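Peer 1: Spelled out, the chains give:
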Amino acid sequence: MKLITHNMLTSKCLKGVVTGYPLAISATNIKVTEVDFNPDFIVRIIPKIDWEVFWKAADSIGHSDGLPQTVESKLHDNNDFLKKVHRVLLEVEIDEGHLTCPESGRQFPITKGIPNMLLTEAENKFAMLLKSANDLYHEVFAPMPRQI
Amino acid sequence: MSKRPEHQAPPELFYNEEEARKYTQNSRIIDIQAQMTERCIELLLLPEETSCLLLDIGCGSGLSGAVLEENGHMWMGIDISEAMLDVALEREIEGDLVLADMGQGVPFRAGSFDGAVSVSAVQWLFNADKKSHKPVKRLYQFFSSLYASLSRSARAVFQFYPENESQMELLTSQAMKAGFYGGVVIDYPNSAKAKKFFLVLMTGGSAPLPKALGTESGEESNLQVMYARREASKRARGKPLKNTKAWLLEKKERRRKQGKETRPDTKYTGRKRSGRF
Ligand SMILES: C[S@@+](CC[C@H](N)C(=O)[O-])C[C@H]1O[C@@H](n2cnc3c(N)ncnc32)[C@H](O)[C@@H]1O
Chain W
1 MKLITHNMLT SKCLKGVVTG YPLAISATNI KVTEVDFNPD FIVRIIPKID
51 WEVFWKAADS IGHSDGLPQT VESKLHDNND FLKKVHRVLL EVEIDEGHLT
101 CPESGRQFPI TKGIPNMLLT EAENKFAMLL KSANDLYHEV FAPMPRQI
Chain X
1 MSKRPEHQAP PELFYNEEEA RKYTQNSRII DIQAQMTERC IELLLLPEET
51 SCLLLDIGCG SGLSGAVLEE NGHMWMGIDI SEAMLDVALE REIEGDLVLA
101 DMGQGVPFRA GSFDGAVSVS AVQWLFNADK KSHKPVKRLY QFFSSLYASL
151 SRSARAVFQF YPENESQMEL LTSQAMKAGF YGGVVIDYPN SAKAKKFFLV
201 LMTGGSAPLP KALGTESGEE SNLQVMYARR EASKRARGKP LKNTKAWLLE
251 KKERRRKQGK ETRPDTKYTG RKRSGRF
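Note that the protein sequences, when read in sequence, are chains W and X. Taking UniProt numbering, the leading residue of the first sequence gets 1, the next gets one more, and so forth. Taking UniProt numbering, the leading residue of the second sequence gets 1, the next gets one more, and so forth.
Treat the hints with care, as some may be off.
[Claimed, not checked] With a straight-line cut-off of 25 Å between C-alpha atoms, the simulated SDA-like cross-links for lysine to any residue are:
(1) W:K56 <-> X:A110
(2) W:K83 <-> X:N71
(3) W:K15 <-> X:F126
(4) W:K112 <-> X:R109
(5) W:K15 <-> X:N71
(6) X:K131 <-> W:K56
(7) W:K125 <-> X:K137
(8) W:K83 <-> X:E49
To be clear, the hints were calculated from the coordinates, so they are not data collected in a lab. Since we're looking at a predicted model, the values are computed, not measured.
Let's have the full structure, built from the sequences with the hints guiding it.
Peer 2: What follows is the structure, given as structure tokens:
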């Protein structure tokens, strides 16, 4: 998982969770893969990045060196800055570890660089709404022993 | 004719290791997926010469993603099948992958993407693979979370395989309910082989749908246009708006004609009741 993905990813599909953002990173293995440098893309993506979240995420995995804590538009012409952003945003990858939902504490494992965001039906915010009245009826009444 | 994959097993089981490999090595499939992805990109109407951030829904082993890369875009993909994503990793795709079920909602924050594509995946949402699955709700859940994850004026384009007309209506209606404008574009509607369905969804206001390929000039192959026309003709026939006084009077008149018991019209008919009683 690249930090650009981390910057967009949420656990808001969990029941009882409002924003589910940002997810905390615990990394046991980090790798760096080379990606073609495209300065135009970086310039375009910067306004969409939640910079504070990006900087803290980079810092939490030891990759914030040389990355300014705030971003100013004059930096957009600075090639070294764009290269640095490119590296941390697109080349650094969490290979193994997990993400933690800031509201519920639910953990999402990351294996082979892929975060597993699958929820059980009971965890899904909307699954409960999907229960038909019939299902609910059985859940409420079926467990009761029929004694009388 | 062979059975549709969606009728055989849930997607995470159907696309197992063996199927994922078979699928990704089939040169005919590779070609077709590539062609359909190219068409999706065309229908996205992205700003020219700009590399965008796109979401690939049901990205599988990255056949569609590879085409996004070739077109200079960065992408993220979600898929429910681990086996398909494993093959994507082996193929060293550039996109970033997330294991997720689109029917549970798209797990990204608001305004993340410049556009979304989905190639041969969304028909899986018509299945009810678990007891609690309700296709209509999963579709709505999917579309509304997708709507939120797109930036303003972004589009989402889905190539899909509808089984029948009602699936197409269901898909379109749930997308509209979630806030999208748009409809289905049918390329080569008269060719059994080349016929392709694309659901084109727009976020920022209604714009005319792109023209379908392989249609005679003037011929209609654009379902959205068909739906829109149906509504317009309703209005043209002079049907009054629902819950207005005119609507109520007309309804009562109809009931009388049918011989049903109906209260006489008075000056109070169709008025708001005062909260007093
Ligand atoms: C025919 S493949 C297409 C893959 C890729 N888009 C391509 O063009 O080659 C359909 C994909 O949809 C995925 N899929 C089906 N249902 C899904 C769901 N509910 N959520 C996410 N992905 C799903 C399957 O796992 C499979 O990888």
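Peer 1: Confirm or reject each hint.
Peer 2: Here is how each hint holds up against the structure:
no. : hint              : result
1   : W:K56 <-> X:A110  : holds, 20 Å
2   : W:K83 <-> X:N71   : holds, 22 Å
3   : W:K15 <-> X:F126  : holds, 23 Å
4   : W:K112 <-> X:R109 : holds, 23 Å
5   : W:K15 <-> X:N71   : violated, 38 Å
6   : X:K131 <-> W:K56  : violated, 41 Å
7   : W:K125 <-> X:K137 : holds, 12 Å
8   : W:K83 <-> X:E49   : holds, 21 Å
In summary, the structure is inconsistent with hints 5 and 6 from the numbered list given earlier, while agreeing with the others.
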